[in-house]
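A.B. asks: Sequence:
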Amino acid sequence: MSDASQGLRLYNTLTRTKENFVPIDALNVRMYVCGPTVYDFAHIGNARPVIVFDVLFRLLRHLYGQAHVTYVRNITDVDDKINARALRDFGSEISAGKLSLNEAIRRVTEKTADQFHRDVATLGCLEPTIEPRATEFVEPRADGKADMITLIKSLIQRGHAYVAAGEVLFDTASMPDYGQLSKRNLDEQQAGARVAVDAHKKNPGDFVLWKLSSPEEPGWQSPWGRGRPGWHIECSAMSAAYLGEVFDIHGGGLDLIFPHHENEIAQSRCAHGTSVMAKVWMHNGFLQVEGQKMSKSLGNFYSIHELLETETFGGRDWPGEVLRLAMLMTHYREPIDFSVRKLEEAENTLRKWKRAADLAPAAGRLPVEVVSALSDDLATYAAFQVLTQLAGEAAESKEAAAALKASLLFLGFDVASAEVDEDKVAKAIADRLAFIAAKNWAEADRIRDELLAQGVQLKDGKDPATGERITTWEVKR
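The numbering of the sequence shown is my numbering, which starts it at 8 and goes up by one.
Treat each hint with caution, since some may be false.
[Said to hold, decoys possible] Heads up, simulated DSSO-like pairs for lysine-lysine below, C-alpha to C-alpha not over 27 Å straight-line:
(1) Lys190 - Lys300
(2) Lys446 - Lys434
(3) Lys105 - Lys152
(4) Lys405 - Lys431
(5) Lys118 - Lys160
(6) Lys190 - Lys118
(7) Lys431 - Lys359
(8) Lys160 - Lys300
(9) Lys405 - Lys434
(10) Lys218 - Lys152
(11) Lys286 - Lys300
(12) Lys466 - Lys359
(13) Lys286 - Lys303
(14) Lys405 - Lys359
Everything labelled a hint here was simulated from the structure, so no lab data went into it.
Let's have the full structure, built from the sequences with the hints guiding it.
C.D. replies: The structure is reproduced here in structure tokens:
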């Protein structure tokens, strides 16, 4: 364990304060982060928690040792939206008896989960230590790990859940301090609830643990009939299966505080009889796009895949590491305005850092200043100030260049000298010359600037023999 670990401070949503982080067991630091619901390709808002907690994972491994950190990020592959997507995409095959609904669901989730893995790898994220799928933890398991049906049974036996109208519901009134994370009390929830809508509930805030499935819906056999789990119980089971009844850090987006994380806490604490579920709760801020809330109706809803592979945002595709840096330029707890301007700023900054890092043949020691900045509740902006300073010193100091290279590698950026795709450069030059011939100077300048951002500098001239305009290029690192 590094001595620097003694200085790690994290903001705890549960207490609304920044606290010294003291793991339950320094030889087994445990973190759980809510992963994607794989009914569709992950959008750019989903990318933020993946990137943020990847940085924390890297920091914890540096401070406590790679072998002593367990990071669990789940895949939610049982969900009503997934069912709907399966019926939409494979309805004719299901009707013809060529495919069962469960098989169709598996096809939907395999495709979207595979795309998610490719996307986040391109964003520079490490794989979590363990990535459980919700469908594998519904029924009691042969290995004895926690499962949803057993947790629900425990909640009923302990007087925290009841069966009504074909559902198993959590009894929020059975937990006196329900609402600690979101700071919502039961009286406030009841005052604003439409009681008549859910008349079978004892309390308006009670939530579903298990619900019955129709013949057209996927389901598992249970003591309460063939059905499927509610959303919240999934994470309670998967976190307990690999991290235990109480663990160190639980993370996710700010939108998950209520009801998801609040209800996870209620289920887990009441099922296990513990005072906490996780010691530290961390949440990243909201994301908007070009100053507006991301929404399909506004036409500003982008998947990670679209940003990486198509020209739907800003008229071009974007390298994964540029998206990564743009996300990290804003402190994780603050709202972020995801914009073309921010991506261009990130791209230019990254290009300068890489050029300076290329002056060192190999990475050096990770600067303590970078670790100290990140140890202050992931203060990435302060860490990036150190990188900019090192970049400014790199021309005169090989040690600074080597430290910069080490810092970039640690933060998940590729510092290998990129191979230039000569065919792509040639096509870009041809397109630019065509725009120049058409006197479309704006597009010609755009192509020149994009190539420069990639380290390719253009030089215009004339062919000595013909007098025609020609363009040559060279790589500038």
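A.B. asks: Now tell me, hint by hint, if it's right for this structure.
C.D. replies: The hints, checked one at a time:
1. Our distance criterion of 27 Å between C-alpha atoms is met by Lys190 and Lys300, whose separation comes to about 25 Å.
2. Restraint check for Lys446 and Lys434: satisfied, since their Cα atoms lie roughly 18 Å apart, inside the 27 Å limit.
3. About 35 Å separates the Cα atoms of Lys105 and Lys152, which puts this hinted pair outside 27 Å; it is violated.
4. Taken as a hint, the Lys405 and Lys431 pair is broken in the structure, with Cα atoms around 33 Å apart against an allowance of 27 Å.
5. The hinted pair formed by Lys118 and Lys160 fails the criterion: a straight-line CA distance of about 33 Å is larger than 27 Å.
6. Between Lys190 and Lys118 the CA atoms are separated by roughly 38 Å; this puts the pair beyond 27 Å, and the hint is violated.
7. Under the criterion of a C-alpha separation no larger than 27 Å, the hint pairing Lys431 with Lys359 is consistent with the structure, at around 22 Å.
8. Restraint check for Lys160 and Lys300: the C-alpha separation of about 40 Å exceeds 27 Å, so the hint is violated.
9. Distance restraint check for Lys405 and Lys434: the Cα-Cα separation of roughly 37 Å exceeds the 27 Å cut-off, and the hinted pair is therefore not satisfied.
10. Annotation: proposed proximity of Lys218 to Lys152 holds, straight-line Cα distance about 22 Å (limit 27 Å).
11. The suggested pairing of Lys286 with Lys300 is violated, with an alpha-carbon distance near 32 Å, which exceeds 27 Å.
12. The straight-line distance between the Cα atoms of Lys466 and Lys359 is roughly 20 Å, inside the 27 Å bound, and the hint therefore holds.
13. Proximity of Lys286 to Lys303 is assessed by CA-CA distance (about 37 Å); at most 27 Å being required, the pair is judged violated.
14. For a cut-off of 27 Å, the pair hint linking Lys405 to Lys359 stands: about 16 Å separates their Cα positions.
In summary, the numbered hints that this structure violates are 3, 4, 5, 6, 8, 9, 11, 13.
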